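Using the sequences provided together with the hints, build the complete structure.
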Amino acid sequence: MHRFANPARFLKIARPLTGWLFWPGLALILIGSACGLFVTPADYLQGDTVRILYIHVPAAWLGMGGWTGIAVAALMQLVWRHPLAAIAGRAIAAPGALFTAICLMTGSIWGRPTWGTWWEWDGRMTSMLVLLFLYLGYIALANASARDGQGGVSNVTAIFGLVGAVNIPIINRSVVWWNSLHQGPSITLRGSSIDGSLLWPLGLTLLGFSLWFGAIVLMRMRAILAQNKVEARMQRLARG
Amino acid sequence: MKAKHQRLFLALAALVAIIGAGLLAVSALKDEAAYFYTPGDVKTKGVEPGKAIRLGGMVVKGSLKRAADGVTIRFDVTDGKATVPATFSGIAPDLFKEGSGVVAEGAFDGKGTFVATNLLAKHDERYMPRELEGMSYNESTHEMKAER
Chain A
263 MHRFANPARF LKIARPLTGW LFWPGLALIL IGSACGLFVT PADYLQGDTV RILYIHVPAA
323 WLGMGGWTGI AVAALMQLVW RHPLAAIAGR AIAAPGALFT AICLMTGSIW GRPTWGTWWE
383 WDGRMTSMLV LLFLYLGYIA LANASARDGQ GGVSNVTAIF GLVGAVNIPI INRSVVWWNS
443 LHQGPSITLR GSSIDGSLLW PLGLTLLGFS LWFGAIVLMR MRAILAQNKV EARMQRLARG
Chain B
309 MKAKHQRLFL ALAALVAIIG AGLLAVSALK DEAAYFYTPG DVKTKGVEPG KAIRLGGMVV
369 KGSLKRAADG VTIRFDVTDG KATVPATFSG IAPDLFKEGS GVVAEGAFDG KGTFVATNLL
429 AKHDERYMPR ELEGMSYNES THEMKAER
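Taken in order, these protein sequences are the chains called A and B. For what it's worth, this note's numbering labels the leading residue of the first sequence as 263, then goes sequentially. For what it's worth, this note's numbering labels the leading residue of the second sequence as 309, then goes sequentially.
It should be emphasised that the hints constitute simulated quantities derived from the structure, not laboratory data. Given the structure is predicted, the values throughout are model-derived calculations rather than measurements. Just so it is clear, CB atoms sit at the ideal spot from N, CA and C, and this is done for glycine as well. Hints may contain errors.
As the list claims (entries may be wrong) - Here are a few chain A residues that sit away from chain B, every Cβ distance over 10 Å (derived from the structure): (1) P269; (2) G287; (3) G327; (4) I364; (5) Q412; (6) N490; (7) L499; (8) G502.
What the hints assert, rightly or not - In the SDA-like style, the derived pairs of lysine to any residue whose C-alpha atoms are separated by at most 20 Å in a straight line are: (9) B/K405 to A/G309; (10) B/K312 to A/M338; (11) B/K338 to A/I430; (12) B/K338 to A/P431; (13) B/K405 to A/G373.
Listed below in structure tokens is the structure:
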């Protein structure tokens, strides 16, 4: 991993990779959404309402996956002092928070016609809302403890990222451990209780949004590295 | 011990401690964090009449009846261990039907009937096209079989 500690070497790979993630990701999102809207059959119980699944599930997956990424980056920062890990943590936070918010909003819109409520304080919804607040806290802490010329997160923020990871298994298991209004997991290691005719566009949007997430993180990491360079040069100029 | 190994050990020890604390908290919350009581819970633990709770379970097939006033419905809620009669006056959500999940907010009256003030429909984790409706479903293997 330390091969990529050199920003120049990282940028050499990140620059072309951004486009390779962004455009195929966008194509998969558009194809998957179109198929989910117009090609798949309606659900036997929910009718057309079920189609919000193709956005809701990838958003939930990336909201939780984003924080897992933050925790892994935090571990690399604290233990191996990897210089890019701190920048990666900061780059992941904003898109992670965005997808968590999309998950909560689409879930709310989905809940009204199916369950008969916009919001209930059940285990799944509450723990997912806590994840959004963790993201906002992480971003605030990263900004408050940032130092000039260092685009990454501080060690305190990394520790916060590591501690917050405890919420991820809680979100995942919330519908199994506790009675909840949210239904249990549809896709498990044993298979899927979503019929194949409704399932396949979900694979497309899941992969598409994931590639897109990667592209956004790479773009933000490159922006932070460029910002670091600008600040270093400004300081040199100021010193004359 | 090298400094890097010391940091790795510290980070992993802290992680184990945090996850342990989280799991302890979660297991302590087991009952409190439950979103609703099942009829089985009501039977074993007892809920005093008038206490506002949520009751969740399946609507028993063939139990749903509309009263003469046209807005009040009566139905039985079961979780396989116990069955509780319930009433509700008002507009039920579209997905509320016999054989399907329900979460009712309300309280028990003195005679053991649950008087709901609000109904929420709970659906299960299955999604399938209409043609497959009525096929039997194996919960542990997620397999669908045509009913004979």
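### Task
Check each numbered hint against the structure and report the violated ones by number, ascending.
Hint check: nothing fails, all pass.
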